[in-house]
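**Student:** With the hints as your guide, set chain B onto chain A.
In case you want the letters, here they are:
2 protein chains.
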Amino acid sequence: MSSHSPLIYHHTNTIRFIHPPNFLPGKTIETVSMATLSNATNIFWQDCQLGKPERQKLLNQKGCVVWITGLSGSGKSTLACSLSSELHSRGKLSYILDGDNLRHGLNKDLGFKAEDRTENIRRTGEVAKLFADAGLICVASLISPYRRDRDTCRAMLPDSNFIEVYMNMPLSLCEARDPKGLYKLARAGKIKGFTGIDDPYEPPLNCEIEIKEDSGVCPTPYVMAGKVVSYLEEKGYLEC
Amino acid sequence: MSSHSPLIYHHTNTIRFIHPPNFLPGKTIETVSMATLSNATNIFWQDCQLGKPERQKLLNQKGCVVWITGLSGSGKSTLACSLSSELHSRGKLSYILDGDNLRHGLNKDLGFKAEDRTENIRRTGEVAKLFADAGLICVASLISPYRRDRDTCRAMLPDSNFIEVYMNMPLSLCEARDPKGLYKLARAGKIKGFTGIDDPYEPPLNCEIEIKEDSGVCPTPYVMAGKVVSYLEEKGYLEC
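So the protein lines, in turn, are chains A and B.
One gets my numbering by counting positions in the first sequence from 1 and adding 1070 to each.
One gets my numbering by counting positions in the second sequence from 1 and adding 1070 to each.
The following block holds chain A by itself, in its conformation from the complex (with noise of 0.2 Å):
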């Protein structure tokens, strides 16, 4: 057959098709309706053969999550840029999934009800799951209060590439720099199931890196980066 036959490339070319884990090969399918269909049945998974080792070679790195919970106002966000410019001073890529800004796109459909709360990080993992398969140091910053919610997304990540960051500052101390006027609203009423008042904050239990204060001082931005990249280094994600 000549190569440029239009019928071969599904042979010859470097695709494989991998049945997913739920696939049941010999089960015999009834007549359905796509519009009923569950994922199960005719999604194929696509692989290549360019994947992940070669983009980590390409950029000198391994791709990980480093996920930042904390309560509003303990310092994710600040932590989450400090910490993405000392790697970009350093040649390496990384990027932010900051809770606030999905929910204006991607989780944008979602509120702050109980479910709606999991799958907004649900989601976020999930994300952060391609972005640590692309290659990048992806560092998520949510409040992600609920332990059992956080465990899921370090479930999603294999081979220890979930590095979970506790910000565990007094809440004193968050409501009293109360960056967006939050906690006053939540001491005011005027805002109910607001995390750390009226809503729990459950601590990691098993978290790979707590920044708090020293002896009543709090770290500088500089500082908790710091400790986030010096884990990174020890643990050999900066160089592949």
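You may find that some hints are simply not true.
If several chains are the same, the list does not tell them apart, and a pair holds so long as it fits within one copy or across any two.
Claimed, not checked - In silico DMTMM-like pairs for lysine to aspartate or glutamate, Cα to Cα no more than 25 Å straight-line:
hint, residue 1, residue 2
1, LYS1297, GLU1124
2, LYS1127, GLU1156
3, LYS1127, GLU1309
4, LYS1297, GLU1280
5, LYS1127, ASP1284
6, LYS1127, ASP1186
7, LYS1254, ASP1221
8, LYS1127, GLU1245
9, LYS1282, ASP1248
10, LYS1305, ASP1229
11, LYS1183, ASP1229
12, LYS1178, ASP1229
13, LYS1183, GLU1283
14, LYS1122, ASP1203
15, LYS1122, ASP1229
16, LYS1254, GLU1272
17, LYS1122, GLU1304
18, LYS1260, GLU1272
19, LYS1183, GLU1309
20, LYS1178, GLU1304
21, LYS1127, GLU1196
22, LYS1178, ASP1221
23, LYS1122, GLU1309
24, LYS1260, GLU1196
25, LYS1282, GLU1245
26, LYS1183, GLU1196
Read the hints as simulated data drawn from the structure, not as lab findings.
Bear in mind that the values here come from a model prediction, so they are computed numbers and not experimental data.
**Tutor:** Using the frame of chain A, we list chain B on its own:
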């Protein structure tokens, strides 16, 4: 004030708080529950001084979205894979968002009802936008049969950073290839609402690149990828 005071970082660091477009300054806030809160009220836009221009400079390329649309079996994944390899060989970082793969992760809660298809495309567009903002050449590969849904994604990307590639292959060819055996099922009436058989495919009216047969011969993956790479090179995406 000492630079170690925990209270001044929000005044001195590089984070700016920008009201989103739908935020109304001076608006009276009534008592609200977080559970019923919309995203307009208390979500702030986080910005960081390290942005897309700096990431593009690091990568020596410009972030954009290459959106490949076409029938099942038209060669979208083949082109995506070949394009990604060709870009990699030139030291450029790309990432493939494959419609089928996303349905195993981010979009696993969605089926094939009209509104689910639309939401599937919307989320993919939002994620593609994030990857372009990260500085990557994001290659989205989805049937994306409806013009309106594709144009929604185009509208998300400013400055002509949405490059639509139409795999203009005859249905007869796609059906003869039938790499996933889905046309056979659709013709046998075992799948209803299958694009090209009993659900419409709306060809682009204004795509940037069209891939089609030349004198009845289908271009090779290498030739298809070359056409897209030439476009990207000509428009300046492969340098910064």
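**Student:** Regarding LYS1178 and ASP1229, is the shortest C-alpha distance of 25 Å or less found within a copy, between copies, in both, or in neither?
**Tutor:** between (31 Å within a copy, 23 Å between copies)
**Student:** Since the copies are identical, ignore which copy is meant and state whether LYS1127 and GLU1196 lie within 25 Å (CA to CA) inside a copy, between copies, both or neither.
**Tutor:** The answer is within: 23 Å in one copy meets 25 Å, while 27 Å across copies does not.
**Student:** For the identical chains here, do LYS1127 and GLU1309 meet the 25 Å Cα criterion within one copy, between copies, both, or neither?
**Tutor:** The answer is both: 8 Å in one copy and 20 Å across copies each meet 25 Å.
**Student:** From the Cα coordinates, with 25 Å as the cut-off, is the pair LYS1282 and GLU1245 best called within, between, both, or neither?
**Tutor:** Intra 16 Å, inter 61 Å, cutoff 25 Å: intra-copy only.
**Student:** Should LYS1254 paired with ASP1221 be assigned to within, between, both, or neither, using CA atoms and 25 Å as the limit?
**Tutor:** Classified as neither; 31 Å inside a copy, 42 Å across copies.
**Student:** How do LYS1282 and ASP1248 come out at 25 Å by Cα distance, when the copy is not named: within, between, both, or neither?
**Tutor:** Answer is within: at 18 Å inside a copy they meet the 25 Å cutoff, but 58 Å across does not.
**Student:** State whether the alpha carbon distance between LYS1178 and GLU1304 is at most 25 Å within one copy, between copies, both, or neither.
**Tutor:** Neither way: LYS1178 and GLU1304 sit 37 Å apart in one copy and 35 Å across, limit 25 Å.
**Student:** Between the shortest in-copy and the shortest cross-copy C-alpha distance, which are at most 25 Å for LYS1127 and GLU1156: within, between, both, or neither?
**Tutor:** both (20 Å within a copy, 16 Å between copies)
**Student:** For LYS1183 vs ASP1229, is the C-alpha pair at or below 25 Å within one copy, between two copies, both, or neither?
**Tutor:** Answer is neither: 32 Å inside a copy and 36 Å across each miss the 25 Å cutoff.
**Student:** Are the CA atoms of LYS1183 and GLU1309 at most 25 Å apart within a copy, between copies, both, or neither?
**Tutor:** Neither, since 41 Å and 45 Å both go past 25 Å.
**Student:** Between LYS1183 and GLU1196, at a C-alpha cutoff of 25 Å, which is it: within one copy, between copies, both, or neither?
**Tutor:** Both ways: LYS1183 and GLU1196 sit 20 Å apart in one copy and 22 Å across, limit 25 Å.
**Student:** Regarding LYS1122 and ASP1229, is the shortest C-alpha distance of 25 Å or less found within a copy, between copies, in both, or in neither?
**Tutor:** Within one copy only: 13 Å inside, 29 Å across.
Hint check: violations occur at hints 5, 6, 7, 8, 11, 13, 19, 20, 24; the rest are consistent with the structure.
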